[in-house]
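A.B. asks: Protein chains in written order, with the numbering used here: chain A, 15 to 321; chain B, 124 to 509.
For the record, the hints were derived by calculation from the structure and aren't laboratory data.
One or more of the hints may lead you astray.
The calculated lysine-lysine pairs, modelled on DSBU-like cross-linking and capped at a C-alpha distance of 30 Å, are [stated by the list, open to error]:
hint : chain 1 : residue 1 : chain 2 : residue 2
1    : B       : K166      : A       : K140
2    : A       : K217      : B       : K166
3    : A       : K97       : A       : K301
4    : A       : K169      : B       : K166
5    : B       : K469      : A       : K140
6    : A       : K168      : B       : K243
7    : B       : K166      : A       : K225
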Amino acid sequence: MRRIRGTRRGLLCAWVYIRVLRLRATRAGWGRSGLVGVGCSSCSSVGRASGSTGLNLSWKLCVTIMRLVILDNYDLASEWAAKYICNRIIQFRPGQDRYFTLGLPTGLPRNHPESYHSYMWNNFFKHIDIDPNNAHILDGNATDLQAECDAFEKKIKEAGGIDLFVGGIGPDGHIAFNEPGSSLVSRTRLKTLAMDTILANAKYFDGDLSKVPTMALTVGVGTVMDAREVMILITGAHKAFALYKAIEEGVNHMWTVSAFQQHPRTIFVCDEDATLELRVKTVKYFKGLMHVHNKLVDPLYSMKEGN
Amino acid sequence: MRGGQVAARAPVIQFTNCRILRGGALLREDLWVRGGRILDPEKLFFEERRVADEQRDCGGCILAPGFIDVQINGGFGVDFSQASEDVGSGVALVARRILSHGVTSFCPTLVTSPLEVYHKVLPQIPVKSGGPHGAGVLGVHLEGPFISREKRGAHPEAHLRSFEADAFQDMLATYGGLDNVRIVTLAPELGHSHEVIRELTALGICVSLGHSVADLGTAEEAVQSGATFITHLFNAMLPFHHRDPGIVGLLTSDRLPAGRRIFYGMIADGIHTNPAALRIAHRAHPKGLVLVTDAVPALGLGNGRHTLGQQEVEVDGLTAYVAGCSVESALEAASLHPAQLLGLEKCKGTLDFGADADFVVLDDSLHVRATYISGELVWQAEEARP
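Produce the entire structure from the sequences given, and follow the hints as far as they go.
C.D. replies: Structure, rendered in structure tokens:
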């Protein structure tokens, strides 16, 4: 199975939004199994039936929900996230004039123009059959950076907005490069990086702090909040405190990821280590929902066979 | 510039579902080809914003750079050392037939011959690019006549020579010119060999040591003068001795010029060299191993009497494929190392971006399923044909 590796790797830099025309679900090696519906924990309505086998329920974006999905380790969390994204795209039924717009982080600082594109190419683009014209990446080498950011926002709007935004968080709870203190309604802009982020980035520059860029182009908190659905991947003990601040404390611009408490549809995917700072009660509650969560990643019929 | 624009409009072919040899390892990657060269798909994606025009499924096979044979005396009834009127068609026949063995470039080899043969044959074997007509000719390999009497092997004694006083001119007169020549094998213990080696190296011709009784010291001096290759290691040279390793000692010599790598040809048929000896050489100096066939005109023909230059040869038996190292090493020994020997590693013997798209499709037992030259299919196995 050609796995779409968990695209979060730390989390840095400018964001990419991608219009996936026809993601080859067959690459994941999934066969037919019919559509499986999931009743959300606070909703009992069901949408149109969609044929095939099993339950006659189907997806419906009818409720606001925050999910916390806890897996045992990094690999399982990545795989769960990948399957979920795949399912969302299939269920969306993209087509000739119907694009699924996916927002992604890149994981590398902008001053590495080669590795930036190489990273996205090697980890994502080369494994899928996407039209290169539908892959938009913020250009950190543009002459007018603010214009580049504004154009990016415009492109997102023209594409009809982002359907699913996937990202991670920093140890200081930042989403994208929206460092502590960033406005929770910010848009795509040039941002100065916090020392924490610079230290975390040093590994991409052979540990030489003087080489690490201090500025980055980033989508704003507001930009991500506009997405129809948001998925945040959080793994590792060093992110545990940030996760705690994100979901158990209030909305606070010092922990910008907490803004997603006010997003209609957010899903946090994490591993055991990342839950270390949460209340036992919170963890037990969400673990108890795993049977429901796992239905979200049951294989759907492949787009090629099902159409 | 115009060439670049034409190439940019050429169709992009993507070979999928394959493992390619790149960087010394077999990677699960696609191979992209355009305009006869290997293409960087990342650049295509981000800069040109294009996708492949055609995809070809390789059925899980291995894609390796096309093999390069730097020592092949003929085959299929053709003897390169025969002074015929139409040497060209003989070379063309061999060039076409070796495609099925995965060879995409080769050096037709002439054994020790009288002057007339050199004067007649050499001008008829020009350097030529490969294609559907056959493998590319990189240049001629002249094995002899300046070799040792004791170690002449199958070469005719009557036509052996040593260098006269004006050695380089003597050589030019013998061969009748050095156009089309790529490699010269000689014995370094012959007098005046060093000036010849220096002149040949200055002309860009690869000098190889072979059919010689040289000791290690003489061999090292020859390398310092410019020699870079050893013709069929172990054969036609003094055997390895622990107090004087002879030419074989070059593999681990510390008296070679800095940065210079010595290459050595090996005939890996299990007969010319015991597999254990092959492995000793490989372990001592894996990056220098160059697989050669040293094929004779009887290649591809049945048992019987055949010619080899001025000799007659009886063929009775088979050759065997000997494996003693990893698949990647073996493939590099047949493609990358000969390309490096001839200084062609930027465009031949590799699947790096920008290189010529000469490659072979192999199954897991390394049988050739298909051969491509400049991105064009030039040979395909029977079962694979539709």
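A.B. asks: Are the hints correct? Go through all of them and say.
C.D. replies: So, going through the hints one by one against the coordinates:
Of the supplied pair hints, the one linking K166/B and K140/A holds, its CA atoms being roughly 12 Å apart against a limit of 30 Å. Under the criterion of a C-alpha separation no larger than 30 Å, the hint pairing K217/A with K166/B is consistent with the structure, at around 26 Å. For the hint linking K97/A to K301/A, the alpha-carbon distance of about 19 Å falls within 30 Å, and the restraint holds. With a C-alpha separation of about 23 Å, the suggested pair K169/A and K166/B falls inside the 30 Å cut-off, and the hint holds.
Distance hint between K469/B and K140/A is fulfilled; the C-alpha atoms sit about 25 Å from each other, no more than 30 Å. With a C-alpha separation of about 74 Å, the suggested pair K168/A and K243/B falls outside the 30 Å cut-off, and the hint is violated. About 26 Å separates the Cα atoms of K166/B and K225/A, which keeps this hinted pair within 30 Å; it holds.
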